[in-house]
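Between the sequences and the hints, there should be enough to build the whole structure, so can you do that?
Protein sequence lines, in the order shown, are assigned to chains F and B.
Per this note's numbering, residue 74 is the first one in the first sequence, and the count goes up by one each step.
Per this note's numbering, residue 145 is the first one in the second sequence, and the count goes up by one each step.
Hints in this document: simulated from the structure, not taken from any laboratory.
Note that the coordinates shown come from a computational prediction; the quantities given were computed from them, not determined experimentally.
Just to be clear, a hint being listed does not mean it is correct.
Distance condition first, Cα-Cα at most 20 Å in a straight line; then the derived EDC-like pairs of lysine to aspartate or glutamate [said to hold, decoys possible]:
#1 Lys432(B) - Glu258(F)
#2 Lys265(F) - Asp452(B)
#3 Lys207(B) - Glu94(F)
#4 Lys207(B) - Asp159(F)
#5 Lys319(B) - Glu112(F)
#6 Lys174(B) - Glu258(F)
#7 Lys207(B) - Glu109(F)
#8 Lys397(B) - Glu94(F)
#9 Lys271(F) - Asp452(B)
#10 Lys208(B) - Glu109(F)
#11 Lys174(B) - Glu109(F)
#12 Lys398(B) - Glu253(F)
#13 Lys282(B) - Glu112(F)
#14 Lys167(B) - Glu258(F)
#15 Lys255(F) - Glu169(B)
#16 Lys399(B) - Glu94(F)
#17 Lys121(F) - Glu235(B)
#18 Lys208(B) - Asp159(F)
#19 Lys255(F) - Glu235(B)
#20 Lys398(B) - Asp132(F)
#21 Lys164(B) - Glu258(F)
#22 Lys173(B) - Glu109(F)
#23 Lys173(B) - Glu112(F)
#24 Lys146(B) - Glu258(F)
#25 Lys271(F) - Glu235(B)
#26 Lys269(F) - Glu177(B)
#27 Lys97(F) - Glu235(B)
#28 Lys208(B) - Glu112(F)
#29 Lys146(B) - Glu89(F)
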Amino acid sequence: MIVLGSTSEVAQAFVEKALQEGEKYEKIYLFTSSRETTERFARHIDVKFLQQSEVIELDLMKEIDYTRFENVSSNLLFCATGYLGDGTEEGLYDNKNTERIININYSKLVPVMNYFAQKFESRRSGTIIGLSSVAGDRGRQSNFIYGSAKAAFTAYLSGLRNYLFDKKVHVLTIKPGFMETKMTEGLPLNPKLTAKPKQAAAVIYNAYKKQKNVAYVLPIWGIIMMIIRNIPEFIFKKLKL
Amino acid sequence: MKPNFIQKVTNWGNFPVVEKEMKSEDSFKKIKEFVLNHNEVIARGNGRCYGDASLGEHIFSTKKLNKFISFDRLNGIIECESGVLLSDVLEITVQQGYFLYVTPGTKFISVGGAIASDVHGKNHHSEGCFSEYVIEFKLMTENGEIITCSRESNAEKFWATVGGMGLTGIILTAKFKLKNIDSAYIRQESIKAENLDEIFRLFDESESWTYTVAWIDCLQKGKNIGRSILMRGEHAFQHELPQSMANSPLRLKKKFQPTVPFYFPGFVLNALTVKIFNLLYYKKQSKKEVKSFIDYETYFYPLDFVNDWNKIYGKSGFIQYQMVIPKESGKEGMKKILETIANSGNGSFLAVLKLFGKDNPQAYNSFPMEGYTLALDFKVNSKLKKLVEQLDNIVQEFGGRIYLTKDSMSKSSLTNYLKNIQSPKFVSLQHKRIINNN
Ligand SMILES: Cc1cc2nc3c(=O)[nH]c(=O)nc-3n(C[C@H](O)[C@H](O)[C@H](O)COP(=O)(O)OP(=O)(O)OC[C@H]3O[C@@H](n4cnc5c(N)ncnc54)[C@H](O)[C@@H]3O)c2cc1C
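See the structure below:
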């Protein structure tokens with residue numbers, strides 16, 4: 074398994090879920106921008122599941138040396154890379170913030186995804202799982218920079234799925250709603266709309282096994298976003314969402 | 145949306161409830177910042193202490209310190225971060241033939257919480273407290289330094305921290321020993337006792353058993369006072385087991401786990417329902433003595449079988465009152481305690497009686513001392529304060545003490561045995577309450 078964004082609690086929970094289900098991997102490649110915490114996770118899965126892994130540094134804000142990834146090969150890619158950044162009030166006119174959001178969620182990420190997609194394509198097998206966001210379903214005033222990057226990422230995954238279909242590679246888009254993670258710690262989230270990483274991992278694993286195309290972590294988000302998507306623009310622009 | 149870390153926090157008894165800052169980090173650098181940037185910090189594991197011990201102005205939750213570090217499968221030594229739960233430990237070690245030396249009545253507590261409360265189990269008389277098996281731990285002190293504490297290095301901090309209720313710093317990681325087991329099952333004998341005399345005799349007779357504990361019906365009066373069931377157990381060897389268990393002796397089948405969906409309304413638990421529960425519990429076992437093999441989860445963690453069972457006590461919550469009375473006067477003291485409870489009409493759903501063995505004098509902050517310990521659950525209501533006062537007086541009269549990790553309203557003179565803890569940085573609501581009452 075290849076994991077992009079290995080410090081993500083959802084990614085870690087997914088790795089544990091797969092191992093618990095008895096999946097075996099020659100090696101798990103843990104790509105991360107934070108070596109220290111990821112190495113702790115690597116040791117953790119070794120103790121718990123006797124699972125070998127390798128920690129590989131990947132900082133999307135820096136130049137990427139692809140030769141380092143040559144030996145990385147697997148049948149499953151899990152991409153949890155993401156960066157929420159500051160919302161509009163604090164972050165809209167802060168160019169650094171905007172760039173970082175766009176780079177990490179989309180523009181710098183896609184070439185890395187493509188690098189691995191190509192490997193999958195040539196092997197003619199495998200699954201690519203991408204964590205996008207409900208924020209990409211419609212731009213809302215509270216976080217549309219993040220939302221627009223995720224919208225682009227959703228479109229990318231959808232196109233990739235279409236492109237890889239007859240090459241026997243499956244692409245799964247996950248749209249988590251609120252999740253109880255580092256990204257959202259301290260935010261006043263409605264517990265009924267918020268999933269725990271373990272819960273999310275179970276849903277994603279299930280969707281992966283069933284070869285779903287797009288899945289919301291909590292079904293309620295599918296309904297919420299359907300409503301939000303269908304509000305006519307002349308009303309939508311007046312709402313404070 | 146701006147992050148706001150102020151939230152409602154409460155422990156297992158749902159009493160008291162506070163609105164304070166609670167944060168969790170997994171990077172040691174950020175934990176250090178948290179410690180240095182706040183005046184009053186307290187660590188919190190899984191909130192399974194009942195009262196106010198892990199509540200404070202700035203709560204550091206160890207829930208993200210949830211990784212294993214190493215497992216020496218040959219010698220049964222495991223190292224993990226402090227937020228790892230005992231249930232996580234058991235999940236990997238039981239299959240390998242290892243069990244915790246000491247476990248409390250729930251497996252949903254963190255390793256940090258086990259050290260900070262120096263928890264005891266049904267085997268205190270034979271195997272002591274959790275600390276006996278701790279090899280070393282890493283502690284973040286008030287200046288953000290990380291020190292390794294063991295019997296050899298930083299020994300003073302080691303012993304002050306064991307049972308020190310989080311007041312010496314934040315335990316980050318811990319290394320401890322495990323015991324060999326041949327199966328995941330317990331050979332159990334449960335014996336009914338008609339009264340206190342009989343149950344005390346049974347405890348004495350069972351001294352050679354590793355595990356002993358008794359469930360006591362505390363609504364009985366007169367000659368029936370102390371009616372109870374003693375359960376003693378040993379880890380079963382594979383060859384003793386019935387065929388169905390012996391086939392894969394270290395693996396248990398998955399069980400269905402019911403969850404209590406919401407807080408029960410206040411009237412559900414009253415003297416009458418408690419009486420009925422206890423009656424059914426004691427009538428269930430019709431024979432005087434029953435021998436059986438049961439899986440370790442049913443034996444050690446019968447209450448974990450229902451998720452969130454604390455909600456049956458309703459929104460006002462409940463307390464657990466656990467005290468120990470020195471052995472010489474144990475019987476007399478227990479009798480007085482049980483009489484007082486029976487007369488108060490404030491029934492306890494759950495009452496557990498145990499005999500503690502000798503304490504480890506080095507672990508001066510730990511709760512156990514040689515004698516009888518009783519743990520009782522009481523719903524919080526207007527009569528409770530008075531009952532606790534009465535019970536406290538009896539405990540004092542007999543030279544006993546109460547267990548800090550369950551305390552939230554007892555007299556401070558029974559609880560202030562915390563020694564060598566003077567850091568103004570690590571402060572819990574409990575500690576403040578104790579100091580202010582002095
Ligand atoms: C059903 C049930 C049965 C129980 N049975 C028993 C029993 O048989 N024997 C027994 O001894 N106890 C028993 N307990 C009590 C329980 O074992 C202790 O309260 C334990 O300390 C809870 O651990 P926790 O991880 O939930 O910690 P918390 O409840 O969050 O905290 C408990 C104390 O530990 C401190 N602490 C927690 N983590 C750290 C850390 N990393 N560093 C420093 N300090 C820390 C806190 O500050 C606090 O003082 C029982 C509790 C329940 C709910």
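We went through each hint and held it up to the structure:
no.: 1; hint: Lys432(B) - Glu258(F); result: 54 Å, violated
no.: 2; hint: Lys265(F) - Asp452(B); result: 17 Å, holds
no.: 3; hint: Lys207(B) - Glu94(F); result: 24 Å, violated
no.: 4; hint: Lys207(B) - Asp159(F); result: 25 Å, violated
no.: 5; hint: Lys319(B) - Glu112(F); result: 19 Å, holds
no.: 6; hint: Lys174(B) - Glu258(F); result: 14 Å, holds
no.: 7; hint: Lys207(B) - Glu109(F); result: 18 Å, holds
no.: 8; hint: Lys397(B) - Glu94(F); result: 15 Å, holds
no.: 9; hint: Lys271(F) - Asp452(B); result: 18 Å, holds
no.: 10; hint: Lys208(B) - Glu109(F); result: 14 Å, holds
no.: 11; hint: Lys174(B) - Glu109(F); result: 12 Å, holds
no.: 12; hint: Lys398(B) - Glu253(F); result: 27 Å, violated
no.: 13; hint: Lys282(B) - Glu112(F); result: 18 Å, holds
no.: 14; hint: Lys167(B) - Glu258(F); result: 8 Å, holds
no.: 15; hint: Lys255(F) - Glu169(B); result: 8 Å, holds
no.: 16; hint: Lys399(B) - Glu94(F); result: 17 Å, holds
no.: 17; hint: Lys121(F) - Glu235(B); result: 9 Å, holds
no.: 18; hint: Lys208(B) - Asp159(F); result: 23 Å, violated
no.: 19; hint: Lys255(F) - Glu235(B); result: 26 Å, violated
no.: 20; hint: Lys398(B) - Asp132(F); result: 42 Å, violated
no.: 21; hint: Lys164(B) - Glu258(F); result: 15 Å, holds
no.: 22; hint: Lys173(B) - Glu109(F); result: 11 Å, holds
no.: 23; hint: Lys173(B) - Glu112(F); result: 15 Å, holds
no.: 24; hint: Lys146(B) - Glu258(F); result: 10 Å, holds
no.: 25; hint: Lys271(F) - Glu235(B); result: 16 Å, holds
no.: 26; hint: Lys269(F) - Glu177(B); result: 26 Å, violated
no.: 27; hint: Lys97(F) - Glu235(B); result: 19 Å, holds
no.: 28; hint: Lys208(B) - Glu112(F); result: 15 Å, holds
no.: 29; hint: Lys146(B) - Glu89(F); result: 31 Å, violated
Hints 1, 3, 4, 12, 18, 19, 20, 26, 29 from the list above are not met by this structure, while the remaining hints are.
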